[in-house]
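Protein chains: 2
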Amino acid sequence: MNTDERFMAIALDEARSAAALGEVPIGAVLVCDGEVIARAHNLRESAADPTAHAELIAVREAAVRLGRWRLSGCILYVTLEPCPMCAGALVNARIDRLVYGAPDPKAGAVGTLMDLSADARLNHRYEVTSGVLEEECAGLLTQFFRELRAARAAGSAPGPDEGQEETG
Amino acid sequence: MNTDERFMAIALDEARSAAALGEVPIGAVLVCDGEVIARAHNLRESAADPTAHAELIAVREAAVRLGRWRLSGCILYVTLEPCPMCAGALVNARIDRLVYGAPDPKAGAVGTLMDLSADARLNHRYEVTSGVLEEECAGLLTQFFRELRAARAAGSAPGPDEGQEETG
Chain A
1 MNTDERFMAI ALDEARSAAA LGEVPIGAVL VCDGEVIARA HNLRESAADP TAHAELIAVR
61 EAAVRLGRWR LSGCILYVTL EPCPMCAGAL VNARIDRLVY GAPDPKAGAV GTLMDLSADA
121 RLNHRYEVTS GVLEEECAGL LTQFFRELRA ARAAGSAPGP DEGQEETG
Chain B
1001 MNTDERFMAI ALDEARSAAA LGEVPIGAVL VCDGEVIARA HNLRESAADP TAHAELIAVR
1061 EAAVRLGRWR LSGCILYVTL EPCPMCAGAL VNARIDRLVY GAPDPKAGAV GTLMDLSADA
1121 RLNHRYEVTS GVLEEECAGL LTQFFRELRA ARAAGSAPGP DEGQEETG
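Chains A and B supply the protein sequences, listed in that same order.
In this text, residue positions in the first sequence follow the numbering used here: the first is 1, and each later residue adds one.
In this text, residue positions in the second sequence follow the numbering used here: the first is 1001, and each later residue adds one.
Possibly wrong hints are sitting among the right ones.
Heads up, incomplete: computed chain A residues facing chain B, CB under 8 Å, no partners named [to be verified]:
id : residue
1  : CYS83
2  : ALA87
3  : ALA93
4  : ALA107
Hints are computed from structural coordinates only; laboratory data are not their basis.
Since this is a predicted model, take the numbers as computed values, not measurements.
Yeah, the Cβ is synthetic: ideal placement off N, Cα and C, and Gly gets one too.
Using the sequences and the accompanying hints, generate a full structural model.
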């Protein structure tokens, strides 16, 4: 495993923690100077908070820990391509680099539907690497929604809605 | 004053609270069924948190208060046009409507640089009304940055950076 894969493996562990709570399995890790500063997973249902995406929680925790809102020198690893909210938060945080696993055809805002990482009109741009451990990242989501469908077919329907809710 | 102006006046009070802390004066109010559920102001510097925009704080507080992440039936009032992060958070929250005061030529994501409120590829759209108490909303920002420049010229330089930091 190279460095990016090692950190993405931690993000995958976070995604599994989300699944264990019945949350859509998305995980994130924020790294500064080679050190993990924050790790987080999607908590939208548990926290009843529409902003509780893995990336946003990791950014907030890292800022608190570092005592500064500018996360220059930092890299965010996340299993799924960020949505507009999270991609915009990385602009606001002046992050150096984003590494993501699987693309998000429904809400991906860093290359798929739009690219907020490279909009010259905004006051910051960040480097992007995609496709790191993509199969594992996408596989966790596929498995989660397959099990959700099966549970629903069996008459129990806990957890988030399908389809439109697969957003990171 | 009509209903929108009455709620925007509360958002303006919040913006003044931000200015009193040395924060860029942006305020927000979240209204559900005609009742104020949350009010907030920009706290980026005080909280050292790049996500602590008025809108995002109001959305989170409203969700906690209502015990649900879906803010359907709710309207957000904010003095400055939201940035991509905040405009995306309103999509994620499934908000009904956004009302803002002044446009933001530097980062406005609800009509100026882009329009995340009406992107048919995303899983939610919301109604937008702009220009409500626009002069007062813009005037607070102009005055704040004028005073900041004067303080800097006098040799004291507290508060946020100018220019690229005028983002809501």
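Check your understanding: Which of the listed hints are broken here?
Key -> Result: no hint breaks.
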